[in-house]
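Q: Residue numbers (my numbering), protein chains in the order written: chain A, 25 to 227; chain B, -13 to 299.
These are calculated hints, taken from the structure and not from any lab test. On a predicted model such as this, the values are computed, not experimentally measured, just so you know. Glycine included, C-beta positions come from ideal geometry on N, C-alpha and C. Treat each hint with caution, since some may be false.
Stated by the list, open to error - Below are the BS3-like pairs computed for lysine-lysine, each with C-alpha atoms no more than 27 angstroms apart in a straight line:
(1) B:135 <-> A:76
(2) B:207 <-> A:76
(3) A:141 <-> A:81
(4) B:90 <-> B:135
(5) B:190 <-> B:261
(6) A:81 <-> B:207
(7) A:130 <-> A:141
(8) A:223 <-> A:141
(9) A:76 <-> B:232
(10) B:232 <-> B:190
(11) B:190 <-> B:90
(12) B:232 <-> B:207
Stated by the list, open to error - To give a feel for the contact side, a few chain A residues facing chain B, derived at Cβ under 10 angstroms:
(13) 41
(14) 42
(15) 66
(16) 76
(17) 78
(18) 130
(19) 162
(20) 220
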Amino acid sequence: MGIQIKEVDTRGMACPQPVLCTKQALDTIEAGMVVAIVDNEIAKENIVKFAKHQDCKVAVKQQADTYYIEIQKGAAAYSAIEASQPLALATVYNTVIMITSDVLGKGAEELGALLMKSYLYTLTAVDQYPTAVILLNSGIKLAVDGAQTVEHLRTLQGRGVEILACGTCLDYYSSKEKLAVGSVTNMYSIIEWMSAAGKVITL
Amino acid sequence: MLVGTETSDDAGVYWLNETTALVQTVDFFTPVVDDPYTFGQIAAANSLSDVYAMGGTPITALNIVGFPFCTLPGTVLAEILQGGQAKATEAGVVILGGHTIQDKEPKYGLAVTGIVAPNEIYTNAQARIGDYLVLTKPIGTGVITTAQKAGLASPQSMTEVIASMTTLNQAAAKAMQAVGCHSCTDITGFGLIGHVCEMAIGSKVSIELYASAVPLFTGAKEYAAMGLIPAGAYANREAMAAHVQKEEQVLEVLMDLFYDPQTSGGLLIAVPEAKLERLKTMLETNCTIPHAVIGRVLSAGSGQIIIRDSNGL
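Chain B extracted, bound-state conformation (with noise of 0.2 angstroms):
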């Protein structure tokens, strides 16, 4: 075994040969948009980046569903396995079966198995000092997930988060790879400041983020306002409080924004200053969601998060 539980990694790997380690991960989640074709390209995206967040190529995956057979018709489960198989098919992913129970509330996603070179395995433990961190898409789809469960959110706000929760994070890793970077994550159920935690408790170092130049998507600021907030996102701030120290000026709602929990979120990189631009230049190519350098590895330490209002970039 390569990777396993200790560092709260986003996939497990385990080593095959010199040249290849499988690497596995399993999730699946209620439905977070009201289209089921949608909402299964959703869960796929975010079942796939956890191998893309290791460095790995996914090869195969296993559909994990549950569906309420007597209150929702059949064609439902069609179209959410639908969105499911594109999003596999544009990855290369073949997906070779699944398991179906009867539940109360329909559930997708998928266990999916990848490769990657043992020497080339992305971690979330290997940031270094000095690295700059860099993230592949914006923060805030679980507070306009909850405001447009209340009507409230925007056409916009649900069109902006709606292409980035279906993206892959397959261009932004392969733009990972090819530069050359030394940690990556991908931000999830944890929120932005859980997993900068778990890079930082994982790589024993203290790392500082700059609150302004954390990407939002549009709304997302208003919304955390009015209190959408969902309870993963309190749940967050209890788990990680310790860790967190903020200047005074950064303000408490983009506070709420790094603690709320993320649904195919993007990649977060620790970059080499010397490799920055070259990273940057590939996302900016290769990706159609907005990156940020959002932060950068201060010191040894033992997980410590800094926020800062700005970052003097």
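Isolated chain A, as found in the complex (with noise of 0.2 angstroms):
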């Protein structure tokens, strides 16, 4: 498994769910880093000292009222970010999938639904995974019990994907019920992620 990078943003949270959200974020990676945004002086602190108990480099960023706690885990995420540019890797791996459909293309609705299949069954082999799928419109039956593709979701979400199905798309195709991997997402956060991503893909 590659270096990820992933954010948390803990801002308006309650002691002890900073740390929590930190160190379950930091438990879903191997290596890398984890980026934790808080809004007050005591998360900062807790988070500072949470990280350290775990052996890995903290550093710390300030901007008005907001800290950005940068926590390396690894050794091998220590080495390959020092020898980068911390902020180029960050834009780089931040990629977010955006599935508009659950079919893959256009043309035979069968063929479609096995590219988009082998499409999620790829993107658990691959070396990099993406911080997020989005799932929007019809691709949130990717998503939904049943689906021959909600394996590959768990498979990605196992490994710190995060699977993100468009709330007003499940309420349309009365699927909320049944979704079976990932959480559920509003337009506002859906337009924070992709405006955080480095490199966003649709398909």
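Combine both chains into one complex, guided by the hints.
A: Below, the structure is given as structure tokens:
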């Protein structure tokens, strides 16, 4: 598995949630960096303590009332990040994949479904995972009970990829109760993910 | 009025006649554990503690309750009150009534009235030079209940803190009174250092604490090192830092624990050297929770706390 970068936004959360969310993010990666965003001194100190306790390298950057805590996990990550430019690395690795349909490409439906299944399976086998997969419109059908793609999305999720399904779309297709993997998101959050991404791939 | 707000003591004391003074205190808070009955026990033990810390005997109490009737079933409230009642009964206290208001989250505690002989009041302002400081419960309830909220506290840690928080300070207070000590306070929201500091300021002395002698609950050190530290600990550090000096080798994680706000913590007793052994024996015999000698009153001063790594005791 390659180096991963994850971002955890803990702003507005009460103690001990910021530490817990940071822990969960660090647990999902083998090596790489977690950037925890916090809005208060206490959460900052607690997360720094936590990161040091996990033998990670920590750097804190402050912008106005917001702290960005960069936590490096794994010796390989440390040297790889040192060797390149940290900011560029963050940009390169923060890829978001947006899937807007339950089929891949235009043409025969059956072929499109096959290609989508094949695409998601292949995505689980590549070296570098995206930060998030956002499912929109009929794309949400890939993550509901009975879909053959659920297991691949679960594999991705198990490796730290955020699987996000559009809530409006789930409602439209009456599938909210049937969501089998990932979490429900909204347009505001989708726009935030897209803006923060180094690269958005739309299917 | 015999004890008011000036010395930040545990309870107010009001003179009635030569033989009797009233001791009054109130405390209530939001749940620190999930189980309502246990929460009721903890809140009541915590409220009663202030009377014990003054050397008093609690007599009556009133329930103070906030409860979200819209989101929680009434049976939860009933269990909280049963827990409180159980501790009141154990303490020989009669709950005369109380008051409940609709609130966003549950809150519970007692307003307690006790009595004390005016010449047998234990304030936090009578520690004397050379006194040893004895703590009757371990430290770390804030950190461990925070770890519990994160789902990270071990069953062993939870068993220990719940056993400690639900234990009345009655037996420890009786041991202290039987031996005859100088000064007493209970360790609660301001943390170990905060309450030691109040004793030092009130008694106009400086106090040294021995970091490695302070008893800690299982897991407290690990969870504190993981950053599972409640906001109150930071507020306490902010408020007390000017009074505190520490030896370099005292670990930062221990300092975090010494600032950790305690719920239903132990008594901190200042006892003269000549009576120390007797107090230790009495506590050993009568209390279920282990005690420890954690420090000493050094010299006249204005509330300085010196934290040494070990004691040489």
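Q: Now tell me if each hint is right for this structure.
A: Here's how the hints hold up against the structure:
Taking the CA atoms of residue 135 (chain B) and residue 76 (chain A), the gap is near 21 angstroms; set against the 27 angstroms cutoff, the hint holds. Distance restraint check for residue 207 (chain B) and residue 76 (chain A): the Cα-Cα separation of roughly 14 angstroms lies within the 27 angstroms cut-off, and the hinted pair is therefore satisfied. Our distance criterion of 27 angstroms between C-alpha atoms is broken by residue 141 (chain A) and residue 81 (chain A), whose separation comes to about 39 angstroms. Our distance criterion of 27 angstroms between C-alpha atoms is met by residue 90 (chain B) and residue 135 (chain B), whose separation comes to about 19 angstroms.
About 22 angstroms separates the Cα atoms of residue 190 (chain B) and residue 261 (chain B), which keeps this hinted pair within 27 angstroms; it holds. For the given pair, residue 81 (chain A) sits about 21 angstroms from residue 207 (chain B) by alpha-carbon distance, which is consistent with the 27 angstroms threshold. At most 27 angstroms may separate the alpha-carbon atoms for a hinted pair to count; residue 130 (chain A) and residue 141 (chain A) meet this at roughly 15 angstroms. For the suggested pair residue 223 (chain A) and residue 141 (chain A), the alpha carbons sit about 22 angstroms apart, so the restraint of at most 27 angstroms is met.
With a C-alpha separation of about 22 angstroms, the suggested pair residue 76 (chain A) and residue 232 (chain B) falls inside the 27 angstroms cut-off, and the hint holds. Between residue 232 (chain B) and residue 190 (chain B), the direct Cα distance comes to roughly 20 angstroms. Compliance with the 27 angstroms bound is thereby established for this hinted pair. For the hint pairing residue 190 (chain B) with residue 90 (chain B), the CA-to-CA distance comes to about 42 angstroms; that exceeds 27 angstroms, so the pair is violated. Our distance criterion of 27 angstroms between C-alpha atoms is met by residue 232 (chain B) and residue 207 (chain B), whose separation comes to about 18 angstroms.
The beta carbon of residue 41 (chain A) is positioned within 10 angstroms of a beta carbon in chain B (closest approach about 8 angstroms), and the interface hint is therefore held. Of the supplied interface hints, the one on residue 42 (chain A) holds, with its beta-carbon coming within about 9 angstroms of a beta-carbon of chain B, less than 10 angstroms. Satisfaction of the interface hint for residue 66 (chain A) is found here, the shortest Cβ-Cβ separation to chain B being roughly 5 angstroms, below the 10 angstroms cut-off. Of the supplied interface hints, the one on residue 76 (chain A) holds, with its beta-carbon coming within about 8 angstroms of a beta-carbon of chain B, less than 10 angstroms.
Because the closest C-beta pair between residue 78 (chain A) and chain B is about 8 angstroms apart, less than 10 angstroms, the hint holds. Interface restraint check: residue 130 (chain A) against chain B, minimum CB-CB distance 47 angstroms, threshold 10 angstroms, status violated. Given the 10 angstroms rule on beta carbons, the hint for residue 162 (chain A) is violated: about 36 angstroms separates it from the nearest Cβ of chain B. Proximity of residue 220 (chain A) to chain B is violated relative to the hint, the smallest CB-CB distance being about 25 angstroms (cut-off 10 angstroms).
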